[in-house]
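Take the position in the sequence shown, starting the count at 1, then add 20; the result is the number in the working numbering.
Label pairs and their computed distance ranges (CB to CB):
#1 Lys84 x Phe46: 27 to 35 angstroms
#2 Leu81 x Glu52: 15 to 23 angstroms
#3 Trp47 x Ser67: 17 to 25 angstroms
#4 Arg65 x Pro44: 15 to 23 angstroms
#5 Phe46 x Ile72: 16 to 24 angstroms
#6 Leu71 x Gln50: 15 to 23 angstroms
#7 Thr42 x Gly69: 15 to 23 angstroms
Simulated from the structure, these hints should not be mistaken for laboratory data. Only a predicted model underlies this, so the values are computations on that prediction, with no experimental measurement involved. Yeah, the Cβ is synthetic: ideal placement off N, Cα and C, and Gly gets one too.
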Amino acid sequence: MSEEEVVLVRRVYKFADSTAITLPAFWLRQVEAFSGRRLEYVLVRASRGRLIVEPVFDEELIKKLYYRKKEASVSA
21 MSEEEVVLVR RVYKFADSTA ITLPAFWLRQ VEAFSGRRLE YVLVRASRGR LIVEPVFDEE
81 LIKKLYYRKK EASVSA
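Using the sequences and the hints given, assemble the complete structure.
Following this line, the structure appears as structure tokens:
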């Protein structure tokens with residue numbers, strides 16, 4: 021994984037390089053309880069061999085990253 025991707029949560033997600041993540045239910049509940057909002061997307065980044073997962077609630081950022089990813093997959 022080389023670019024930031026917006027990933028749907030509550031599923032196992034496999035990247036092109038066969039890296040897979042599963043988001044723990046307790047983490048999802050804590051984020052939703054703290055924010056008072058339902059978590060639909062997370063931002064996943066690769067950094068120094070680690071996957072960094074951050075909750076995303078900004079609709080504009082989600083659209084921007086989602087459509088950028090969609091356009092990249094269409095052109096590939």
